[in-house]
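Asker: Given only the sequences and the hints, what does the whole structure look like? Please build it.
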Amino acid sequence: MSKINLGNFFEDFKIGQKIIHPLPRTITDGDVSFYIALTGSRFALHSSDVLAQKMGYKKKPLDDLLMFHLTFGKSVQDISLNAIANLGYAEVSFPNPVFVGDTVRLETEIIGLKENSNGKSGVVYVHSIGYNQDEQEVLNLKRWVMVHKKNKNEMSNIKDIPTFEKTLAVEKSINIPKQKEIDTLATGGKFFFEDYEVGERLNHPEGITIDDSDHTLATKLYQNNAKVHFDDFMMKSTPMGQRLMYGGHVISIARAISFNGLQNAQWIYSINSGAHANPTYAKDTIYAYTEILEKINHERDDIGLLRLRTVAVKNQKSEEISNPKDEDGKYLKNVVLDLDYTVIIPKNKKK
Amino acid sequence: MSKINLGNFFEDFKIGQKIIHPLPRTITDGDVSFYIALTGSRFALHSSDVLAQKMGYKKKPLDDLLMFHLTFGKSVQDISLNAIANLGYAEVSFPNPVFVGDTVRLETEIIGLKENSNGKSGVVYVHSIGYNQDEQEVLNLKRWVMVHKKNKNEMSNIKDIPTFEKTLAVEKSINIPKQKEIDTLATGGKFFFEDYEVGERLNHPEGITIDDSDHTLATKLYQNNAKVHFDDFMMKSTPMGQRLMYGGHVISIARAISFNGLQNAQWIYSINSGAHANPTYAKDTIYAYTEILEKINHERDDIGLLRLRTVAVKNQKSEEISNPKDEDGKYLKNVVLDLDYTVIIPKNKKK
Amino acid sequence: MSKINLGNFFEDFKIGQKIIHPLPRTITDGDVSFYIALTGSRFALHSSDVLAQKMGYKKKPLDDLLMFHLTFGKSVQDISLNAIANLGYAEVSFPNPVFVGDTVRLETEIIGLKENSNGKSGVVYVHSIGYNQDEQEVLNLKRWVMVHKKNKNEMSNIKDIPTFEKTLAVEKSINIPKQKEIDTLATGGKFFFEDYEVGERLNHPEGITIDDSDHTLATKLYQNNAKVHFDDFMMKSTPMGQRLMYGGHVISIARAISFNGLQNAQWIYSINSGAHANPTYAKDTIYAYTEILEKINHERDDIGLLRLRTVAVKNQKSEEISNPKDEDGKYLKNVVLDLDYTVIIPKNKKK
Chain A
0 MSKINLGNFF EDFKIGQKII HPLPRTITDG DVSFYIALTG SRFALHSSDV
50 LAQKMGYKKK PLDDLLMFHL TFGKSVQDIS LNAIANLGYA EVSFPNPVFV
100 GDTVRLETEI IGLKENSNGK SGVVYVHSIG YNQDEQEVLN LKRWVMVHKK
150 NKNEMSNIKD IPTFEKTLAV EKSINIPKQK EIDTLATGGK FFFEDYEVGE
200 RLNHPEGITI DDSDHTLATK LYQNNAKVHF DDFMMKSTPM GQRLMYGGHV
250 ISIARAISFN GLQNAQWIYS INSGAHANPT YAKDTIYAYT EILEKINHER
300 DDIGLLRLRT VAVKNQKSEE ISNPKDEDGK YLKNVVLDLD YTVIIPKNKK
350 K
Chain B
0 MSKINLGNFF EDFKIGQKII HPLPRTITDG DVSFYIALTG SRFALHSSDV
50 LAQKMGYKKK PLDDLLMFHL TFGKSVQDIS LNAIANLGYA EVSFPNPVFV
100 GDTVRLETEI IGLKENSNGK SGVVYVHSIG YNQDEQEVLN LKRWVMVHKK
150 NKNEMSNIKD IPTFEKTLAV EKSINIPKQK EIDTLATGGK FFFEDYEVGE
200 RLNHPEGITI DDSDHTLATK LYQNNAKVHF DDFMMKSTPM GQRLMYGGHV
250 ISIARAISFN GLQNAQWIYS INSGAHANPT YAKDTIYAYT EILEKINHER
300 DDIGLLRLRT VAVKNQKSEE ISNPKDEDGK YLKNVVLDLD YTVIIPKNKK
350 K
Chain C
0 MSKINLGNFF EDFKIGQKII HPLPRTITDG DVSFYIALTG SRFALHSSDV
50 LAQKMGYKKK PLDDLLMFHL TFGKSVQDIS LNAIANLGYA EVSFPNPVFV
100 GDTVRLETEI IGLKENSNGK SGVVYVHSIG YNQDEQEVLN LKRWVMVHKK
150 NKNEMSNIKD IPTFEKTLAV EKSINIPKQK EIDTLATGGK FFFEDYEVGE
200 RLNHPEGITI DDSDHTLATK LYQNNAKVHF DDFMMKSTPM GQRLMYGGHV
250 ISIARAISFN GLQNAQWIYS INSGAHANPT YAKDTIYAYT EILEKINHER
300 DDIGLLRLRT VAVKNQKSEE ISNPKDEDGK YLKNVVLDLD YTVIIPKNKK
350 K
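Same order as they appear, the protein sequences are chains A, B and C. Residue 0 is where the first sequence starts when you use numbering that gives the first Met the number 0, and the numbers rise one by one after that. Residue 0 is where the second sequence starts when you use numbering that gives the first Met the number 0, and the numbers rise one by one after that. Residue 0 is where the third sequence starts when you use numbering that gives the first Met the number 0, and the numbers rise one by one after that.
Be aware that a few hints might be false.
It does not matter which identical chain is meant; a pair holds if it fits inside one copy or across any two.
Here are the simulated lysine-lysine pairs, PhoX-like style, with alpha carbons at most 25 Å apart [as the list claims (entries may be wrong)]:
| id | residue 1 | residue 2 |
| --- | --- | --- |
| 1 | K149 | K189 |
| 2 | K348 | K151 |
| 3 | K235 | K332 |
| 4 | K282 | K226 |
| 5 | K346 | K189 |
These are computed hints drawn from the structure, not numbers from a lab.
Answerer: Structure below.
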């Protein structure tokens with residue numbers, strides 16, 4: 000038996016199989032500084048202990064996406080080392096806050112398999128749960144990836160596809176502290192749940208150019224070892240011709256850009272679905288706009304939820320895009336991300 | 000009302016107006032590691048808790064410039080998002096030390112306005128004060144920036160220009176611990192206040208090349224969101240043709256380079272004036288020299304002050320520059336920084 | 000006397016001379032995050048406090064190589080600022096673990112000198128010891144560097160060359176906690192001391208491309224101020240034509256790549272010898288393979304040692320290299336590192 004882990008192929012997965020991913024990670028202030036430096040994120044709850052304490056936390060909780068990357072990165076070596084493409088996400092939630100000092104780990108169950116008719120690959124559907132050191136759930140997600148087959152023409156004809164909720168149901172109980180009046184001079188935003196309207200569109204003005212060191216530092220920090228992100232020599236002989244940016248980094252950049260207009264929406268409740276519409280490479284400049292898809296009242300009177308669609312575009316101002324897809328339903332070539340997600344935002348206590 | 004903050008224009012400012020900048024920031028060890036990695040700074044007081052304790056601190060205090068960037072960065076979104084140029088600094092002081100764990104924030108008062116005769120822009124003069132979580136002043140600065148007007152040809156003819164001290168007066172009481180004999184084997188420098196002479200010039204031998212990821216990581220870490228630093232796509236259509244480096248990063252690089260010759264000058268007392276003489280871009284290599292402008296005795300017998308002029312030059316050895324300005328008083332094209340500042344340096348207790 | 004440290008030249012060194020290097024460094028979580036982001040290292044003991052505690056530590060100890068770089072970096076300004084080449088290492092050991100919060104420093108004794116017959120340079124042999132704040136040894140190493148002479152044609156004919164052990168002797172007592180059953184679901188590897196065979200070769204599949212910002216951030220983080228790594232303007236006028244990567248960064252990248260196949264070998268016992276066979280530059284992609292040279296039983300029944308040879312190759316898959324040297328004993332042009340070192344690996348307690 001070889002000592003080298005070459006990753007799993009389509010045939011290696013069985014429905015119901017459970018995988019405990021190695022490499023538990025203790026999260027530190029160093030990781031948090033990296034996240035700010037790599038994305039320019041300005042959501043204040045994640046930058047200031049003083050503000051976090053005013054908002055009911057013992058100290059600043061981690062940005063949900065930083066926790067996502069550090070936890071999710073562990074699954075790459077078992078699930079997607081031989082992935083052709085990360086096809087989608089669904090039902091992603093963030094049940095408990097994570098703090099510096101916490102140690103996170105990930106477990107995965109295989110929930111679906113579909114062999115492709117070309118005989119060369121198949122789609123693997125997984126359900127992953129991230130835990131902290133106290134066995135509390137901190138991440139819950141489903142995703143599906145296209146993976147190479149080992150034996151290209153031996154057909155199993157397996158086709159067992161799970162169904163996913165289009166949007167994650169909103170729980171009765173949401174695990175964030177009771178919000179009193181928000182210090183808008185600290186958060187930088189004066190808009191609350193009441194101020195947003197369904198159909199409203201926010202063209203975020205900032206653009207961020209990403210360089211090779213940025214995206215590779217990010218992905219290495221997350222101990223995500225998918226070769227396509229790091230190995231320029233190998234990528235030169237592929238149609239891409241260069242290293243491909245980790246899609247999660249694009250999500251983080253888009254979220255950071257969305258700060259301008261959504262300053263008080265400091266918590267992600269769920270990611271309902273996400274598509275990496277086109278690849279992103281070093282030197283691309285990312286812009287984004289957000290549409291308010293839905294306003295969701297909660298039984299708590301201090302918060303509400305906004306279902307959002309954030310579209311990220313490369314090397315083109317986002318306001319030039321009215322619809323990210325063309326008449327045939329195909330993504331425009333500059334669109335790199337189409338993200339349907341739900342955020343938590345306080346209600347206006349002054350009123 | 001739009002939910003997008005497009006920044007303030009010249010007409011939006013009024014003399015006497017006070018702005019509380021959002022985004023208080025808790026400073027961490029991650030930020031300190033970034034500062035060392037981004038600048039190569041070697042001032043020992045800021046790297047070693049053991050040395051800092053010998054020098055009378057509870058633990059290593061932050062490098063003054065790192066605190067400056069993390070605090071100052073907050074003002075960009077309110078003051079200089081629509082800035083054409085950062086014209087100058089004056090009366091910058093560092094009244095109290097800052098430590099990892101402290102949370103800093105910034106407030107600004109508008110102290111002067113001058114409309115430009117071209118009708119397109121004006122100069123805004125501001126006085127900003129940074130505070131820690133205990134409301135102690137940690138930064139006090141004045142600066143002036145040229146800002147776009149909203150309505151190009153409506154003239155207000157406002158011209159109310161404050162006066163600035165050419166150098167900041169030295170206080171009777173300086174807030175650093177009483178210095179005993181300095182461990183020169185730890186600080187790396189054997190020269191003290193007594194050893195420097197007015198007119199002396201130090202040609203610092205090191206040069207540091209800055210890449211795109213370096214300066215954009217720095218500026219994002221400081222949550223400074225001025226678009227000119229990040230958005231390469233936008234900058235390609237400007238005369239600059241590329242992202243402009245944050246001037247503060249150039250100050251930090253010059254200060255780090257000045258270590259070789261000024262190892263014991265570990266505290267900045269004030270920045271008296273500063274000019275970003277020419278723009279700096281990725282791939283430029285920065286060199287620097289320092290002149291001793293003035294020696295200032297203090298009533299404390301353990302320390303003295305040196306007023307310095309550090310000139311940073313790009314892509315040319317600093318010893319080749321005898322005067323950074325030509326006969327017409329214009330900066331030479333390779334000069335990127337002309338900084339007049341005062342440092343605190345211990346006296347030699349062995350004598 | 001000039002206040003500028005221009006480094007020592009060959010004539011400045013005397014056998015028996017002792018140098019206390021300045022700049023003690025308190026190691027932080029920021030440094031650890033940087034190391035992971037810069038190298039992609041995945042050895043679990045250094046990432047998880049929970050796992051480290053299961054393995055008998057109070058918290059995660061530092062990766063041996065990160066401690067090496069942070070401690071060793073201090074010697075550059077005194078030993079190798081005028082170095083032409085770092086010729087070799089021997090007898091490098093890691094006597095005690097280092098943790099975040101520890102402060103490390105370095106002392107060096109000159110143990111040999113050999114003038115080159117060309118009259119222009121000489122070889123300086125040094126023995127350096129790193130200490131933590133409690134005066135415990137954390138690093139012990141010998142190395143030799145070729146250094147410029149000040150006076151090119153004045154010959155001293157000095158030739159006093161120390162002898163080095165080919166491999167460091169294994170101590171009776173090894174300072175790591177007693178290892179119980181290893182949690183292979185956390186470390187990511189199921190192979191133990193018993194599973195490896197002398198002569199076995201592991202072709203590590205990952206490749207990592209290094210960019211300018213990566214290697215200069217690393218070297219600046221270590222406060223290693225050798226100009227060849229930072230000053231692109233100066234290097235453009237040398238035969239190299241660009242900045243040279245710090246050899247230590249290549250060692251760290253090779254070690255990080257070797258994780259895949261050596262997951263449980265989480266401690267370096269010694270570096271027996273190391274050659275930087277060819278220079279590495281930005282944009283090079285590093286691959287590596289490892290041969291098991293020797294299996295060393297220890298009187299402790301929980302651990303054994305593996306003497307390894309890891310060869311790093313640039314821009315060529317490591318499996319294409321059967322011997323890193325050609326018939327004349329000269330390194331192939333793509334080989335960048337030939338490292339002989341000994342690691343500690345647990346025995347299989349399940350058997």
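Asker: Against each hint, give a clear statement of whether it holds in the structure.
Answerer: A quick look at each hint next to the structure:
no. : hint        : verdict
1   : K149 / K189 : between (55 Å within a copy, 23 Å between copies)
2   : K348 / K151 : neither (61 Å within a copy, 39 Å between copies)
3   : K235 / K332 : both (21 Å within a copy, 20 Å between copies)
4   : K282 / K226 : both (19 Å within a copy, 15 Å between copies)
5   : K346 / K189 : within (11 Å within a copy, 52 Å between copies)
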